[in-house]
Amino acid sequence: MNLPAQGPVIPDFGNTSGCKANETFCWDWFADHWDRFAAELVQHVWVSAIAIVIGLAIALPAALLAYRLPRFETPAVVFSTILYTVPVLGFFLLMIPVTGIGLLTIEIALVGYTLLLLFRNTVTGLRSVPPEVRAAALGMGLTPGQILVRITFPLALPAVMAGLRVVTVTTISLATLAAYIAPYGLGQSILFYIGNTFISGLISAGVLAILLALVADALIVGLTKLVTPWARARRGGA
Amino acid sequence: MIVVDAWRFLADNPGRVLGDVAGQLLLSVVSVAIAIAIAVPLGAAIGHTRRFALLAVNGANVLRALPTLAIIAIGIGLYGVGFVNIMVALVILALPLILTNTYVGVAEVEPGTVEAARGMGMTGWQILTQVELPHAIPLIMAGIRTGTVFVIATAYLAGTAGYPHTLGSVITNPTLPVSQLLAYTVLAVVLAFAVDGLLLIVQRAVTPAGMKIVPSTAA
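Protein sequence lines correspond, in order, to chains R and C. Our numbering puts the first sequence at residues 1 to 238. Our numbering puts the second sequence at residues 239 to 457.
For reference, chain C alone in the conformation it holds in the complex (with noise of 0.2 Å):
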């Protein structure tokens, strides 16, 4: 039974199992993370200035577009394989969809709400940090949510890129038998499912309570 022989293979090898599962998510963590401080605070001027949008959203088009596998090849041209070599395509993967998110979230608070503010006598940062964002958090959030999901799904590749301590240790080596790869496959789901469930929570956490009647959706 196959299901069995990947039940098996997990409970025999826990070390190495928790192993990659520990560096599929650290990898994750660091290109998201590394994703979010470029991103958010690029939104966040673009949607504060409205300048250079559409510079930033047919850019952010472009990144979209590229295939992962594409950006790993060129990259072990370029910089050769390793940690740098995939985290710099999960973060090709990630930022895209978190700058479009802070880019329209911050931009399209209501501009009522903003000018409301600037009467107040806030000032610009005050506006952005205190209005915008806050407003703009479920929208953040969503694009930092799909972005992990498609990093944590995607992050084997590492595999291919040359550094092998991921769910690709195994994903990736089509030698290997059918059980092992069917055991790592669906630790992979289960890993992003609860990661996303994870992001969940801590979207509710840091939404403002004013916030939590408007419905997220991402873009």
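Pulled out of the complex, with its shape left as it was, chain R reads as follows (with noise of 0.2 Å):
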């Protein structure tokens, strides 16, 4: 793609096409440069997949951490929640001086924000196993280890997917803001076309980001229904 000098009416495609300098969207444009387009979208899920994946490796430990000793909690959880409310594009430029520009930045930023909810959850939904369920298992003669990895954790599943539910829309969103820091993601598109008067760039990156994530969003649903059949057949079938 050979970027004009002169900025031109309409970016990057020439005044010979049909679209027009005011339209809201052009079809033929987007065609054009779906290419583009396609390219930054698959940067987005893996920039990020691997925020999610990274935070998931750390705070599922954390919470089983936490879940043993409660004292562990409290600092966990301040600690995540302060990083959880620091705006994300003050989190980048602030880390810049520290990872330099480019991924490693990008996601210690982003997977900072996956840790308070899916610490959370994971915590609430292993407390919420009754003692009991607990018991029997142990009297079944089950060791500790096995409880955990058969009874206590399937049992916060229900819990911990659903922080990872938010956690995926939400990191999706953060990652559009990526692109201020290194060219990564739709964000790209975002920052590029965005003092510019045509404008269906901006509208093919901002519908592109939402479709995404809606697409994430179906998609741990039905990983939640697959992983945790039971909580069907308990309502019913519904």
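It should be emphasised that the hints constitute simulated quantities derived from the structure, not laboratory data. It is possible that some hints are incorrect.
To be verified - Chain C regions said to be covered by chain R (calculated; three or more residues, Cβ under 8 Å):
{"no.": "1", "stretch": "248-255"}
{"no.": "2", "stretch": "277-290"}
{"no.": "3", "stretch": "313-320"}
{"no.": "4", "stretch": "427-435"}
No experiment lies behind these values; they were computed from the predicted model shown. For every residue, glycine included, the Cβ atom is placed at its ideal position computed from N, Cα and C.
Fit chain to chain and form the complex, with the hints in mind.
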């Protein structure tokens, strides 16, 4: 894609096309630029997925620790709440002197935002397992490790998945801001076209980000049903 | 020292800093107020009548999934830059939380309590305003608190939406020195915690005495 030196009315498309400068959305332009948007979409998925997986890898063990050692819970909640309240863009920009301009900075900030919800939901889920269920498992001769893996954690899964659902859409949303730091994700197009009078670029990037979030949300809902089949059975198949 | 520079920036520009803080608060208060004005009556009606519950829950989930920057971007295309643009994005941010909590709070009042009220001869409206809504206040306030913290922590995106009179005047401008950025970022966090604390006091004040033993949880 070659950028014209003096931004024309319609970016990167020339004025001979069927698109008009004041059009809300021009399909021809979008089709012509699909490669750019597709590449950013794929990046966006990766940037978000990496953050969510690392967030799970930190938050789940931390929640197990807090479940076993309750005095660990308050500091963990305070720490993750502060992380959660920092404006993400400020977080990104403040990390640059430490971790440089690039994916590392983006991921550290995005992971920071996943921790609170994943941690809090997992601890809540683990705590909500009735003691008599664990007592029954103990009575059947299960070891503490088996009780955790086969009884407690599966019963905590609905709460974990509810947290994961919110975290997934939040991460996809925040990842649009990553483009302020380094060229990753759909935020690139949003920032690139934001000052332009031809608005198809903005609409395309915005709608794609929204669609991505909605699809991811639906996927997590499907995944939740898949990993907690008993929840559906209990609701009478509804 | 970056921290000293950050402090000096705040101390040397009190007028600008206070103006940006006030702008951020004003924008947040207006957005949350609009979200409350839409979500509480709607959530209460759905919770009371139990109609359209599935639609409301799914609609709230869809709204919750919308990336704020994407709403700002599409908004620039459809209704231009400025206060309205960022306000719409912030209303969409806060609305689903308040709607879901109001609906759940009203719908999950014990059926026995509602029956008793009906047996005492209360009308539907009286049951809603004198029984169901007071019971739902802890949950509604939890939704408002979470929504407000979200809104205050996001309102700086006003800088991207073409409304510069917020903390976004610094935070969305990567060309400024890191010290200024640090100052405004810390300010945004302090602001969010302060308003959350303030709302906690409001929550205690508006919660009926009989409800105070019940711990509130966010949905």
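Hint check:
no.	hint	result
1	248-255	violated (count 0)
2	277-290	violated (count 0)
3	313-320	holds (count 3)
4	427-435	holds (count 3)
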